[in-house]
Amino acid sequence: MAKIKVTKVKSAINRTKRQKQTLEALGLRKIGQVVEHDATPNILGMVKKVEHLVSVEEA
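According to my numbering, the stretch in the sequence shown is residues 1 to 59, in order.
Note that these hints are calculated values from the structure, not bench results.
One should not assume that every hint holds.
With a straight-line cut-off of 30 Å between C-alpha atoms, the simulated BS3-like cross-links for lysine-lysine are [said to hold, decoys possible]:
no., residue 1, residue 2
1, Lys30, Lys48
2, Lys48, Lys17
3, Lys20, Lys3
4, Lys5, Lys17
5, Lys10, Lys20
Using C-beta positions, here's what the derived DEER-type ranges look like [as the list claims (entries may be wrong)]:
no., residue 1, residue 2, range
6, Lys17, Glu58, 26 to 32 Å
7, Thr16, Asn42, 26 to 32 Å
8, Met1, Ala25, 17 to 23 Å
9, Ala59, Asn14, 26 to 32 Å
10, Thr40, Asn14, 28 to 34 Å
11, Glu58, Asn14, 28 to 34 Å
Glycine residues also receive a C-beta, built at the ideal position from the N, C-alpha and C atoms.
Whenever a hint applies, use it, and build me the whole structure from the sequences.
Okay, structure coming up:
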């Protein structure tokens with residue numbers, strides 16, 4: 001399974017509750033924090049919903 005690195009690059013202030021919960025579910029709390037996940041359809045869908053707040057690269 002391919003891996004992706006997700007980095008939080010923007011604040012969640014003034015974002016919807018759903019977007020904040022998605023970031024939390026991805027394990028992202030602070031700006032600049034990086035987490036690594038398997039590139040499953042579930043994770044990719046979550047990333048797509050908050051793509052304006054994160055950056056993604058293949059690991």
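Here's how the hints hold up against the structure:
1. Distance check on the hinted pair: Lys30 and Lys48 sit about 19 Å apart at the alpha-carbon level, within 30 Å; holds.
2. With a C-alpha separation of about 16 Å, the suggested pairing of Lys48 with Lys17 holds against the 30 Å cut-off.
3. Taking the CA atoms of Lys20 and Lys3, the gap is near 23 Å; set against the 30 Å cutoff, the hint holds.
4. Distance check on the hinted pair: Lys5 and Lys17 sit about 23 Å apart at the alpha-carbon level, within 30 Å; holds.
5. Proximity of Lys10 to Lys20 is assessed by CA-CA distance (about 12 Å); at most 30 Å being required, the pair is judged to hold.
6. Under the hint 26 to 32 Å, the C-beta atoms of Lys17 and Glu58, about 30 Å apart, fit the expected range.
7. Taking the beta carbon of each, Thr16 and Asn42 are about 20 Å apart, not inside 26 to 32 Å as hinted.
8. Taking 17 to 23 Å as the suggested C-beta distance range, the pair Met1 and Ala25 conforms, at roughly 19 Å.
9. Restraint check, Ala59 to Asn14: a C-beta distance of roughly 30 Å satisfies the suggested window 26 to 32 Å.
10. With their beta carbons about 29 Å apart, Thr40 and Asn14 fall inside the hinted range of 28 to 34 Å.
11. A hinted range of 28 to 34 Å holds for the C-beta pair Glu58 and Asn14, which are about 30 Å apart.
Hint 7 from the list above is the single one not met by this structure.
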